[in-house]
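Residue numbers (the working numbering), protein chains in the order written: chain E, 1 to 607; chain P, 1 to 212.
Some clues are possibly wrong.
[Stated by the list, open to error] Calculated Cβ distances over 12 Å to all of chain P for the following chain E residues:
| # | residue |
| --- | --- |
| 1 | A231 |
| 2 | V345 |
| 3 | P393 |
| 4 | A401 |
| 5 | G403 |
| 6 | L406 |
| 7 | P517 |
[Said to hold, decoys possible] Away from chain P, derived, C-beta distances all over 10 Å, residues of chain E:
| # | residue |
| --- | --- |
| 8 | T63 |
| 9 | P66 |
| 10 | A140 |
| 11 | S228 |
| 12 | P251 |
| 13 | L278 |
| 14 | N391 |
| 15 | L394 |
| 16 | Q434 |
| 17 | E464 |
| 18 | A484 |
| 19 | V546 |
[To be verified] Covered by chain E, according to a simulated footprint, are these stretches of chain P (three or more residues, beta-carbon under 8 Å):
| # | segment |
| --- | --- |
| 20 | 81–87 |
| 21 | 165–178 |
| 22 | 189–203 |
Because the hints were derived from the structure by calculation, they are not lab data.
Only a predicted model underlies this, so the values are computations on that prediction, with no experimental measurement involved.
Glycine included, every Cβ here is placed at the ideal spot set by N, Cα and C.
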Amino acid sequence: MKSSTSEHAALLRTILTLWVSVVGLVLSGGEMRAETIRVGVLAFLGAEHSLEEWGPTARAIETGLPGTTVRLVPLDHAGLDRAVAGAEIDFLITNPGHYVELESAQGVSRIATLDSGAPVASAVLVRADRRDLRTLADLAGKRVAIVGTTAFGGFQAAWREFAAAGLDPFRDFSGLDSVGFPMTRVIDAVVANRVDAGIVRGCVKEQREAEGALAPGALRVLAPMPTSATACALSSRVYPDWPFAKLRGTPTAMAKRVATALLTFDPPAGAAAWTVPLDYQPVHEAFRDLKIGPYEPLRHISARDVLARYWQLLAVLGIALGAWAVHVLRVERLVRRRTAELATVNGDLRHEIERRRRVEEQEALHRKELDHAARLSILGEMAGGMAHELNQPLAAIANYADGCELRLKASPVDTTALMQGTRLIRQQAERAAQVIQRMRAFVRKREPTQAVIDAGEVVAEAVELFEGLARRTGVRIETVVVPALPAVMGDRIQLQQVLLNLLQNAVDASAGHGAGPWTVRVEARSEEGGVAITVADQGAGMTEEVRARLFEPFFTTKPDGLGLGLALCHSIVEEHRGRLQASLGAGGGTVMRLWLPRATAAEGAAA
Amino acid sequence: MSGMTSGGTGDEPIVYIVDDDDAMRHSLEWLLTPLGLAVRSFASADAFLAEHDPGRTACLVTDVRMPGMSGLELHEELVRRGAVLPVIVISGHGDVPMAVRAMRTGALDFIEKPLNNQLLIERIQQALRLAHTRREETRETDAIRARLAALTAREREVAQLVAAGKQNKAIAHVLGISLKTVEIHRHNAMEKMAATTGADLARMLTLVGGVG
Chain E
1 MKSSTSEHAA LLRTILTLWV SVVGLVLSGG EMRAETIRVG VLAFLGAEHS LEEWGPTARA
61 IETGLPGTTV RLVPLDHAGL DRAVAGAEID FLITNPGHYV ELESAQGVSR IATLDSGAPV
121 ASAVLVRADR RDLRTLADLA GKRVAIVGTT AFGGFQAAWR EFAAAGLDPF RDFSGLDSVG
181 FPMTRVIDAV VANRVDAGIV RGCVKEQREA EGALAPGALR VLAPMPTSAT ACALSSRVYP
241 DWPFAKLRGT PTAMAKRVAT ALLTFDPPAG AAAWTVPLDY QPVHEAFRDL KIGPYEPLRH
301 ISARDVLARY WQLLAVLGIA LGAWAVHVLR VERLVRRRTA ELATVNGDLR HEIERRRRVE
361 EQEALHRKEL DHAARLSILG EMAGGMAHEL NQPLAAIANY ADGCELRLKA SPVDTTALMQ
421 GTRLIRQQAE RAAQVIQRMR AFVRKREPTQ AVIDAGEVVA EAVELFEGLA RRTGVRIETV
481 VVPALPAVMG DRIQLQQVLL NLLQNAVDAS AGHGAGPWTV RVEARSEEGG VAITVADQGA
541 GMTEEVRARL FEPFFTTKPD GLGLGLALCH SIVEEHRGRL QASLGAGGGT VMRLWLPRAT
601 AAEGAAA
Chain P
1 MSGMTSGGTG DEPIVYIVDD DDAMRHSLEW LLTPLGLAVR SFASADAFLA EHDPGRTACL
61 VTDVRMPGMS GLELHEELVR RGAVLPVIVI SGHGDVPMAV RAMRTGALDF IEKPLNNQLL
121 IERIQQALRL AHTRREETRE TDAIRARLAA LTAREREVAQ LVAAGKQNKA IAHVLGISLK
181 TVEIHRHNAM EKMAATTGAD LARMLTLVGG VG
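Kindly generate the complete structure, drawing on both the sequences and the hints.
Below is the structure:
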């Protein structure tokens, strides 16, 4: 097994060597050139901007090397990589980070360093009002905007400082938004509060402030480092600026002349000057720390190392682990098989319990919905009466208000009468509010509650709710409540609902039967150890067939009835351990009798 | 609040209000009082019928829907009793058939809720003016009837013929009495009736519907 691996590795190495030679041959073909110098430039702000920025530099070279033409080739990161690999350019201008990458990978070497006046470093910007953000570590779990992960000043320089603070930007931030160039997008994102912080190259903030594009003091540099390089606040160390580099294949003589041209170049105002090539070691260190760029393999090397060094031990461990796993699986399967029968029985049982619980739950839900619908429907039937009940106080308010106006126009003004008028208006407004209160209390969706209640009060409330409607139909409600009724246990609103249904049916049955005026008689008295409430109408009474089917759902004798009212009433009364019965009244009409048991002493005490 | 009276007690016009709702009744009274109107309100039609003064210049504002006797039934009852007071019926919205019925039985007015108080006040004032005119007319016919009753049978016959435009000669011929006797009866009748001319007498008799 070992020998076969060695053979494979040898073969692979051979192929690789061959391939590299071929590539080398192709590359060497591009060395012959003289009159045109091609300079690749990293164009992070677009091609046009680069041409403008590096134009003076190009002309300086042309001046220093008479007879040559400098062609600037604006490229992005990847494009520049390709151009270097393909030797399509002779020189390049790029950011320090990218340069370090290309130095390792392609053997490019710097011949000058830019002297832009602005330091290469990161500034981490936060809104001045973010008092919660004081150190770089405070950004854990926060959202951060950057230009892009390959930006040196706009990200990587800060990354190193985050790493030093124990923070991995890719893991510890809640979001790392690459917003792209120009850098002002990062500033905008921070100002607009879309992100908690943003990373830009040092001095960009100060520059924007000086241009008047950013309110001074709106943003703050997080964790500024002491530096003598600049007056700008910086969150990272300062690195050497952009280098002007030659490709490995570029003739040294040409490079020397170009370097001389650059160093003697006296730039016009606003253009960048070049200085002697600086040491890019700090950039290397940053990349090594971060294990990126040329040091990317470092991120994986340790695991591979371990594997190479201890593979035998690992193999033994692996085999042991496998054997143990097989054993565990076997035992597991046996146990599983034996418990399967039990589980099946158990499962069926659980399933059945679950099914019943669901059905019950659904029924309860259904009941609640129906209950609510029924209350809404009876309220709908009563709407006319309700409107009347509301109209009375409103009309009275209008009358009082007009009366006040007339009194105001009189001379002298009778303030006592006016004060009385406003008091009367408030009284009527309160009356109207009570009507609405009653309706809302009745219609609100709710869980039934159990309480000790006074049946007499429930009757009075139901009749009060209902009177408006009764008045319109010309039916009078006569109420007789025996004093000191025994307390009952139940849900006040549900019982009201039952009574409203009975009243509605009684009024429907009475009105129009024979000559009015009609009277519906409601009585509440103590009977059979509980409370009996009867509602007697003056209608035609009901046939035996109707009486037999009275509580069936969807059974109705009304042309526009749903047939749910009494069915629901019946189930509500049953839940209250009571009874609901219909009988023929003495006068020929129907008597509905609702009986509820007296609240037990325990219930009374609990309430 | 039933039977509450505002204003004086003389023969000044009075507004009667019948409504079963306490607040409506009271607020209407409160609205009308500053207009200088005497107002008296009742909680039911029966209470009104039992207590109101039929001899007074008055109008009635009544709600249409009430327990017991409705507003329309009350109006019909008043018509049956020969009462002449104008009636304003207040109804809930959309009671068109009821409105038609009210008009047919001669109710002066029919106002829908919600009330426009400006309109209501105008209608009440209009109703009171009508009541006043009716009252004046009644007063005159009562006086004419009283004077007519003082005439002798013969004087009444002569007065009737005078009112019909007959000459004394023709009257004497019709009644078969002497011209001299006709002249005496005519003089007495004109004097008792306080009529200045034959035409005046004719107007009076027309007002009361003849010598009766």
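Outcome of the hint check:
no.	hint	verdict
1	A231	holds (77 Å)
2	V345	holds (70 Å)
3	P393	violated (6 Å)
4	A401	violated (9 Å)
5	G403	violated (4 Å)
6	L406	violated (4 Å)
7	P517	violated (7 Å)
8	T63	holds (96 Å)
9	P66	holds (102 Å)
10	A140	holds (67 Å)
11	S228	holds (85 Å)
12	P251	holds (103 Å)
13	L278	holds (91 Å)
14	N391	violated (6 Å)
15	L394	violated (7 Å)
16	Q434	holds (13 Å)
17	E464	holds (15 Å)
18	A484	holds (29 Å)
19	V546	holds (30 Å)
20	81–87	violated (count 0)
21	165–178	violated (count 0)
22	189–203	violated (count 0)
This entry does not satisfy hints 3, 4, 5, 6, 7, 14, 15, 20, 21, 22, going by the numbered hints stated previously.
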